[in-house]
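Undergrad: Residue numbers (this note's numbering), protein chains in the order written: chain A, 728 to 1230; chain B, 165 to 477; chain C, 20 to 287.
Everything labelled a hint here was simulated from the structure, so no lab data went into it.
Honestly, I wouldn't trust all of these hints.
[Stated by the list, open to error] Below, computed lysine-lysine pairings styled on DSBU-like, alpha-carbon distance capped at 30 Å:
#  : chain 1 : residue 1 : chain 2 : residue 2
1  : C       : Lys62     : A       : Lys979
2  : C       : Lys177    : B       : Lys170
3  : B       : Lys170    : C       : Lys179
4  : A       : Lys975    : C       : Lys62
5  : C       : Lys152    : A       : Lys1097
6  : C       : Lys62     : A       : Lys1097
7  : B       : Lys166    : C       : Lys179
8  : A       : Lys832    : A       : Lys979
9  : C       : Lys177    : B       : Lys171
10 : A       : Lys920    : A       : Lys883
11 : A       : Lys842    : A       : Lys854
12 : C       : Lys152    : A       : Lys1102
13 : C       : Lys152    : A       : Lys1119
14 : C       : Lys62     : C       : Lys152
15 : C       : Lys177    : B       : Lys166
16 : C       : Lys179    : B       : Lys171
[To be verified] Non-contacting residues of chain B with respect to chain C, defined by C-beta distances greater than 10 Å in every case (computed):
#  : residue
17 : Pro225
18 : Phe269
19 : Leu322
20 : Tyr375
21 : Ile457
22 : Leu462
Quick caveat, the model's predicted, so the values are computed rather than measured.
Every residue, glycine too, gets a C-beta built ideally from N, C-alpha and C.
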Amino acid sequence: MNTLKRILTLLLVLAMLTAALCGCKGGKSGKAEKNELTVGIAQDLDDSLDPHKMTAAGTREILFNVFEGLVKPDENGNLIPAVASAYTIADTGDTFTFTLRDGVKFHNGATVTVKDVVYSIERVAGKDSEKPLIAQFSAIESVEATDDKTVVIKTKEPYLEFLSYLTAAIIPDGSNPADGLVGTGPFRFVSRKAQENIVLERFADYWGTPAHLEKVTFKIIENANVLVTSLKSGAIDLCAHLTATQAKELGKDFTVAEGSMNLVQAMYLNNAYGPLTDARVRQALCWAVDRQSILALVNDGMGSVLGSSMYPAFGKYYNDLSGYYTQDTEKAKALLAEAGYENGFDLVITVPGNYQIHVDTAQVIAEQLKAIGVKCTIQTVEWSAWLENVYKNRDYQATVVGFDTSAAMTAQSLLARFQSESGKNVCNFQSAAYDAVYAKALAETTEAAQIEDYKECQRILAEEAAAVYVQDPCDLVGMRSDLTGYTFYPIYVMDLSRVYFTK
Amino acid sequence: MKYILKKAVTMLITLLVISMLAFLAFEVLPGDPTTKMLGTEWTAERAEVLRHELGLDVPLPLRYLRWLGGFFGGDLGVSYSYSQPVRSLLAGKLGITAALSLIAFVLVIVISLPLALLMAREEGSLLDRILSGVTQVTMSIPPFFIGIIFTSVFGLALRLFVAGSFVSAEESFWGFLGYLFFPALSIALPKSAMTVKLLRSSILGELDEDYVRTAYSRGHSRKTALRYHVLRNSIIPVITFLAVTIADIVAGSIIVEQVFIVPGLGRLLLLSISNRDYPVVLSIIMIISALVIFVNFLADVAYQLVDPRIRLK
Amino acid sequence: MTVKKSHNNFIIGCCITGVMLLLILLGAFWTPYDAEAMDTAAKMQAPSFTHILGTDNFGRDIFSRVLEGAGTTLFIAVNAVCAGLFFGILIGAFTGWYGGWIDEVLMRIADVITAFPSILLALVLISLLGSGKSNIILALSLLFIPSFARVVRSEYAKQKELDYVRNAKLMGVGTPRIMFVHILPNVWPVLLSSIAIGFNNAVLAEAAMSYVGIGVLLPDASLGRMLSESQAFFFSAPWYALSAGLTIVLLVLGVGLISDGLGEWDNA
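Using the sequences plus the hints, can you model the full thing?
TA: Structure (structure tokens):
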């Protein structure tokens, strides 16, 4: 049958043609010469690109390259001047004076003035709507430009840590990021295509050391497994937040840099749910879990074991409680029996299914809790359902997630969650002792005293077992072996200004 | 004419019901757009402000009517997640999914028609039996498993295409088609297997009919009889099947787009559902449903064209 | 020729399905390892005598998990098809027998369900009811009702005009009895292939649902979930993906061949 043969031949030719066509595009060359980088990211920036309205860690991590505040964090967790060149804090702890850096340019070419700064701070504080865009900005009493180089910010009460929140983006006076993103960072925003990519370009007039790369394209690949295959196939050059198993899959053509995620990953417990209202039951869970073996199973032993709601990168604030609980099944059983649950109980662990590391950790915990008679089922839910049911309505028993510092790197942001009245108290943790120490910490005017208070807060959380703290997971960044300069920060950001091709 | 009118009215009502159901679905799903947008920064106050900004504080029936009015006026609303008109958001994605489905559909036809004819001609031979076995196995593989194998084998091992590096049509039209080839093939393979099986048995059924014997007696060979007489008649059940297949292909693309990272309607649909971005979801649902209904209608008409005995009531 | 071949299909189908069922049955009582037990020392091991299908990223024995997972998948598929079939027959028989406006309305509802993207429907149901075996069964069976109902309806519409039904009517047999005792057995042969297709769709749908993340509750194993988890390790641990994938293929293939064999046997 001639037609048949013809059709088959045609089909074959078609297949080979497409194969050949795609084959030519498969090479890795070219990108390095053009100095262009493609980064794979697991989530689209779909909360908001407005630097004052964004809420997702994944969005913050990328816009870090575009926007800057009066100060910005460096890789050691210190605040360094950015749009401001210097600052002073009054001894009373409630007045912050900033001197503007000379010649800082916006991406639109304009020079940053005090007007822009005052506008930006007031926008975040919600001057028009009375509702601040970042909650901590409600502490502001006044923002004033005393001359054309100086801005003075006063808070209502002494608030030492407020400085950290002044990393909030400075944008041009009167502008609305919805009409175009203009910042002062090392990269300038070029374009975005929903679910496809975000493109940034080097900003030549950057006040500091300019970026090495000409252009960075963030490619959105929601499936973590496909991210790995894309990296291997050369479709992307760099990808952060890999698990150890995924990183191993990459093989020898890639460099894997190890840092830390800067999250407090824990099995957060609903302290208002049945058996979990009893501190002894919560402690029993802590004694029953073997954190080292969780790390071994989930991330090949990498990461840091945590004992409370703070991670080591916090340096002076960090109270090392990682040895507070070690696995002791007998002790756990005894505590359960004491609380009246000698036969254990059933526990549903709700996990957002899009975070593989939390799903993995939950599976290991479930397996370990069997030994003390606690029968776990794991319910994976999508992120929105998790936010609604677990976070907002607190209608859950236990959940495995990680919390980061969100808008700014302050000890407060990791500890506020456990204050009885806090709107973010997802654990329903109630402790008069904790509330007292936490309130005292906020009101301190010297850093040393504040550090002591925060350390005490961490100890109380461990002692009362507000949650089963697990780890600060390791953050593995896989990249082409000719890339270098990736710098880890103690917060959840991805600084690409220092990355370059070695060629 | 009357028939078409009646059909059109039913189609319209069906679509209305679907849109209502979809709207209701979002009321009962946990979370609203503000939940996702505010994330772990959620506080009752901020949610309140945002709900007002987005117009979510309007009662449900009114919101539905507004949306419906907008929809028929060609205004699909604004996406919450992307603060961009749904219309422009969809425009790009629609083309991609359409291209993917079209390539898959063409592949189904190109693969299954010749194979079925060949198998029917050689009925009972070793070739027929081997091919039957192959189709049977192919039918049993989940499309996304084929996708996983394709990305691994053709993408990573043989480097025939770069898994994950979607090429948009503006960048390179051939690259675009090339990238879609493997996703389309992984949708098309199981569907072709089903089509082959159906067409083969349909052809064999026809071969016993009187008119075929007449054709033989007039000196036609089995080959020409097949080509000029049988194919035409045995195609009817296949047409219905193909109609359903189009719908299946579009639905199947949702998952395959996920495996191959094709930024089409399916991926946008899944993301928008999880973001509770309902202006986007509703529009996509309406597009897909309308397509399914329309294709079924076309199948009815095609029936009549191929076989005038089937009257349309 | 045809007869011989259909025997072959049928026999091969029975063999595959029989072996699968035996294995699943075995898995229900005994697995070589605890399917959920994790072992730090034995992560990602290739198939060997100690672990005949190797181990996964938690050091769990894949063979044990496949046995359990196939059981879960089979349980879901069988129940979903039975539930769908039950309501499909009720609705189909009713609409096919009586016709009229009720028929019209129900069939339009069936249209709506068919036209609605099934993944969204499943997602809504699962979000409402929570994930878990029983809810997946519920969601799947709801999706299957229309197709069963269509087949049954058209058969009833055909059969009710036939002589044996008219005779039964004249003899004063009650309508329910005619519908379910006289007609139903005659509908079975046609339904049989729909059931096989339905079963296979259920297996594939469970896999697809797990792939988008709305499958069974962990730590339960299911073939779909194993398949989607194994994608990341396709190169370093191909046995993981292949074990799960091939088990799905065999389950579906076996049932497919049986229904094929039955069909061609009827024709022969």
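Undergrad: Hints broken by the structure, by number, lowest first?
TA: Violated hints (numbers, rising): 8, 10, 21; every other hint is consistent with the structure.
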